[in-house]
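**Q** Listed here are the chains, written in short residue letters.
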Amino acid sequence: MNGIERHTIAVLVDNEPGILARVVGLFSGRGYNIESLTVAEVDRVGHLSRISLVTSGTRMVIEQIKAQLDRLVPVHKVHDLTDEGPFVEREMALIKVAGRGESRIESLRLADIFRARVIDSTNESFVFEMTGSSDKLNAFIALMEPLGLVEVSRTGVVAISRGPGRF
Amino acid sequence: MPAEAMSGAEIVLKALVDQGVEVIFGYPGGAVLPIYDALFKQNALRHILVRHEQGAVHAAEGYARSTGRVGTVLVTSGPGATNAVTGLTDALMDSVPVVCLTGQVPTHLIGNDAFQEADTTGITRPCTKHNYLVRDVRDLARVLHEAFYVAKSGRPGPVVVDLPKDVLFASGSYSPPSAGQHKSYRPQLDPDPDKIAEAAALIGSAKRPLFYGGGGLVNSGAEACARFTELVRGLDIPCTLTLMGLGALPASDPHFLGMVGMHGTYEANMAMHDCDLLIAVGSRFDDRVTGRLNAFSPHSKKIHFDIDPSSINKNVHVDLAVVGDAGVALAKLGDALRAAERPLDGGAREEWWRRIDEWRRRDCLRYDKSRRDVIKPQYAIERLYAACRERDAYITTEVGQHQMWAAQFFKFEKPYHWMTSGGLGTMGYGLPAAVGVQVAHPEALVIDIAGEASILMNIQELSTVAQYRLPVKVFILNNQYMGMVRQWQELLHGGRYSESYTAALPDFVKLADAFGAFGRRVSDPADLDAAIGEMLAAPRAAIVDVAVDPTENCFPMIPSGAAHNEMLLGPQDEAKKPVSEEGMVLV
Ligand SMILES: Cc1cc2nc3c(=O)[nH]c(=O)nc-3n(C[C@H](O)[C@H](O)[C@H](O)COP(=O)(O)OP(=O)(O)OC[C@H]3O[C@@H](n4cnc5c(N)ncnc54)[C@H](O)[C@@H]3O)c2cc1C
Ligand SMILES: Cc1ncc(C[n+]2csc(CCOP(=O)(O)OP(=O)(O)O)c2C)c(N)n1
Ligand SMILES: [Mg+2]
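Chains A and B, in that order, are what the protein sequence lines are.
Just so you know, we're using my numbering here: the first sequence kicks off at 192 and counts up by one.
Just so you know, we're using my numbering here: the second sequence kicks off at 8 and counts up by one.
Just chain A, same shape as in the assembly (with noise of 0.2 Å):
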């Protein structure tokens, strides 16, 4: 019952003012944890946006998040992505790395194992862009460390359930 878990979840929300301004304010103010959280609209007609979170807690204030977020009177659906069944989350990250001789090579090489393309390139920095799950991109930018990391931008994980089935 008092075990940490992390869980997923996707809100589908009015694309309105404000909007992030109240799922945001309901987090800090409630005091839970927020990992990331990303919002894009995903339907121009019926002005929906889609929210993936990923967020951190007892069971007991899992749920409790899930309560809070599907009062807010704009929000149309919460799905718990981590407890309905099977997913696939994905995340992108920009990374930054500078540098010249070896350790330029061994960037190189390593973006390759890792699939990450090059995006910008001059002779003494790549920008690598990389797709996968945070865990992967996270040992990734661990690697570039040494090697010469500069900066990175993520764009938070955004998830969606496996199989046919709809939101």
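Rather than coming from a laboratory, the hints here were simulated on the basis of the structure.
Heads up, a few of these hints could be off.
Said to hold, decoys possible - Taking beta-carbon pairs under 10 Å as the criterion, some of the chain B residues facing chain A (in silico):
#: 1; residue: H137
#: 2; residue: G161
#: 3; residue: D520
#: 4; residue: A521
Backbone N, C-alpha and C fix where the C-beta goes; we use that ideal spot for every residue, glycine too.
Starting from the known structure of chain A, arrange chain B with the ligands on it as the hints suggest.
**A** Same frame as chain A, but now just chain B with the ligands:
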């Protein structure tokens, strides 16, 4: 038929009328002048001019809580809106349906630090159930109708509609309330039948069951309270109520154990501690009720009937949650119990009642009646109650010891007659709330049971009382202290009464006089009945300033961090049971 063009301000008023609004509590200012101008030209809506916007919201709460309808507020931008924030938070905490219209600077100036601009939707987001900024007159009517729907549906609460001045001047067309469903907000009213069956089975097999009813019963309505009463009686199950639930079951009913919680009765708290089935209906396991969580009702299975899934398993884990409207759920539960026709365990029940009667014999609300020289605050409430029990009185309170004594010693037979600030505990609530109650029930007896400190927080509303000739009565238990603060300082801080004594109190009789009200001070117990009689007989507003024993504390008391069976029953217990260190940090 093409809708005729109207100004935004006219659309606002028409929407209010179509929503059944009769009274608005408000205060004008630059940003809402178009609405005030439209008000001037009509007479379908009555406007009550308060003296502070906080008062407007509390008045709307009093109006709402005493009628079951939505209370309506109109304030200006900037300071008007920020002054309303305490009232909005109060309404949120106590689930009171209020729609508050706030003026806003014109849309093209929003974000420019314009004169009297405040980010009203930003400020009120965490203290409303929902809020709106209307940027286009074409959305105006729809948003207003939606605001009323949201305020009163599901778990009720306050809704703010922020109205930029240019939208109020713009010309648009009106659309009436639509019968269609809201696109996203559809609270569950009908409970899951399986859960009802499970609840019936649990009740059928309980040996020591207890009902724990709350404000949700009052929210659900008079009919829900009647069904609740019927069930309690039919099943012969003891029942306690929260501060917010008082009146949901008649206090005179022999099944009623009194209020539960920090200042609840011994029998209610002991029953909660020892029951084997706790049936919560529209109550939210607030910390004033549960005491120390890990010692809360340790032997019971728990059923929770609530309309808001976020109330369930928030503080206390329950075994069975029944989401839905209390009235609907209780009707279905009644049906299920009748159909089951399972004989209740008579022997066990008898034993349970025997234990409860034993607890009752402790007579926990007992106080020292031997003093002839000073009025005990409990006695003052007892006499007040005796004087108006035939009068169907509406009681509001401020916050503090007097509030708790009112809850303990005034007996409420019906819902909608008890208006108090429970969740936020807002000093200054009672007088403006009484204004709202009196406006809703012009002929009724409305009394604010007050403390001398709290009453000063919204004392300006006496001017509203005077303007509308409201016969509101203010019954001050004047102990010269912020008594509740003093009590905690005695208990937790070695009797160091830091800043809790109110020096330079006003002469409340003169104050009454200044506002055209009847005023009287009383300090001799022998004169108390006469003073109450004069107050009740006065055809106008009245203040009775009752000088009470300044050292009296409110018992029983479950100190913070203690369990229900660790109650302090009187001053003699204070020394015996010191407050724990964990308790000290709790509020
Ligand atoms: C100085 C002070 C001392 C206090 N001491 C005590 C005390 O000793 N004892 C005490 O009880 N309180 C006390 N309180 C009040 C306390 O802080 C809480 O406000 C109160 O206990 C909450 O009451 P409630 O559980 O009935 O919930 P409410 O705040 O009334 O909430 C209502 C619940 O019912 C639900 N609901 C709403 N509508 C419906 C519906 N239609 N159908 C079903 N469910 C619905 C809601 O979702 C919510 O969960 C004190 C307050 C102050 C200021
Ligand atoms: C607005 C506000 N400020 C502070 C408090 C903290 N507080 C709770 S009770 C109380 C004292 C109330 O004094 P009084 O109105 O005289 O009532 P008494 O307890 O003496 O009956 C205070 C200061 C509060 N509840 N509300
Ligand atoms: Mg006082």
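**Q** Hint by hint, say whether it matches the structure.
**A** Checked hints:
1. H137: Hint on H137(B): holds, closest Cβ of chain A at ~4 Å, below 10 Å.
2. G161: It holds, given that the least Cβ distance between G161(B) and chain A is near 8 Å, below 10 Å.
3. D520: With a closest approach of 46 Å, the D520(B) hint is violated.
4. A521: Cβ of A521(B) sits 42 Å from chain A, so the hint is violated.
Checked against the numbered hints listed earlier, the structure breaks hints 3, 4; every other hint is satisfied.
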